[in-house]
Amino acid sequence: QVQLKESGPGLVQPSQTLSLTCTVSGFSLTSYNVHWVRQPPGKGLEWMGVIWSGGNTDYNSALKPRLSISRDTSKSQVFLTMNSLQTEDTGIYYCNRNGAAYWGQGVMVTVSS
Amino acid sequence: DVVLTQTPPTLSATIGQSVSISCRSSQSLLHSNGNTYLHWLLQRPGQSPQLLIYLVSRLESGVPNRFSGSGSGTDFTLKISGVEAEDLGVYYCVQGTHAPYTFGAGTKLELK
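Going down the list, the protein sequences come from chains A and B.
Heads up, the first sequence is in this note's numbering, so the first residue is 1 and it goes up one at a time.
Heads up, the second sequence is in this note's numbering, so the first residue is 1 and it goes up one at a time.
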């Protein structure tokens with residue numbers, strides 16, 4: 001069945017770089033898009049970006065200067081890299097398929113020294 | 001960017017009551033391919049969001065048919081016909097017609 005699972009460090013220091021991995025199963029990255037969405041504590045959902053099935057990417061314009069999404073299709077993995085982290089980047093980070101269906105469990109990221 | 005305005009922000013309901021949530025878009029969500037990429041999600045406390053309705057009115061597999069979606073262009077509605085306890089949480093509309101994708105601010109459904 002379709003599954004997505006996020007992984008990465010739970011704690012990142014301010015100004016450092018966040019690296020997250022979304023490992024998928026049950027579908028091919030060359031057939032479906034994978035999106036990243038985040039949620040600050042107690043707040044709503046924010047779309048971050050997408051890697052399309054063809055390999056192109058699109059980003060939230062507010063995050064674009066410091067955000068990168070890539071993939072390794074042979075490993076069924078999608079990567080999120082975001083630099084210059086600040087405390088307001090604290091929250092749960094999710095990956096999902098096609099923007100709305102099949103979400104991962106999310107990974108909590110805390111930006112703190 | 002497309003702005004999705006959800007109302008009300010909070011909804012108090014009794015079990016069995018029917019309720020509706022509105023999602024209004026700052027621009028038409030009708031794609032040039034004829035599809036309207038407006039979907040509804042439910043996020044229960046402590047859980048990941050789950051898809052309820054996609055493409056305005058199509059019920060996701062496994063979702064109870066007390067949920068229904070309607071609308072077109074810029075105005076969309078999610079209706080729950082007979083709230084059950086498991087329906088409590090925050091409902092979001094999300095659009096994928098125009099890049100970047102955007103979410104509504106959410107509607108919290110509480111028990112009265």
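In short, the hints are calculated from the structure, not lab data.
Heads up, a few of these hints could be off.
Claimed, not checked - When the alpha-carbon atoms are kept at most 25 Å apart in a straight line, the in silico DSS-like pairs for lysine-lysine are as follows:
id, chain 1, residue 1, chain 2, residue 2
1, A, K64, A, K5
2, B, K79, B, K108
3, A, K43, A, K5
4, B, K112, B, K79
5, A, K5, A, K75
6, A, K43, B, K79
7, A, K43, A, K75
8, B, K79, A, K75
9, A, K75, B, K112
Unchecked claim - These stretches of chain B come out as covered by chain A in the derived footprint (C-beta under 8 Å, 3 or more residues):
id, segment
10, 47–55
11, 87–99
We put the beta carbon where it would ideally sit given N, CA and C, even for glycine.
Comparing the hints with the structure gives:
no.: 1; hint: A:K64 / A:K5; result: holds, 23 Å
no.: 2; hint: B:K79 / B:K108; result: holds, 14 Å
no.: 3; hint: A:K43 / A:K5; result: holds, 22 Å
no.: 4; hint: B:K112 / B:K79; result: holds, 18 Å
no.: 5; hint: A:K5 / A:K75; result: holds, 13 Å
no.: 6; hint: A:K43 / B:K79; result: holds, 23 Å
no.: 7; hint: A:K43 / A:K75; result: violated, 33 Å
no.: 8; hint: B:K79 / A:K75; result: violated, 41 Å
no.: 9; hint: A:K75 / B:K112; result: violated, 48 Å
no.: 10; hint: 47–55; result: holds (count 5)
no.: 11; hint: 87–99; result: holds (count 5)
When each numbered hint is compared with the structure, violations occur for hints 7, 8 and 9.
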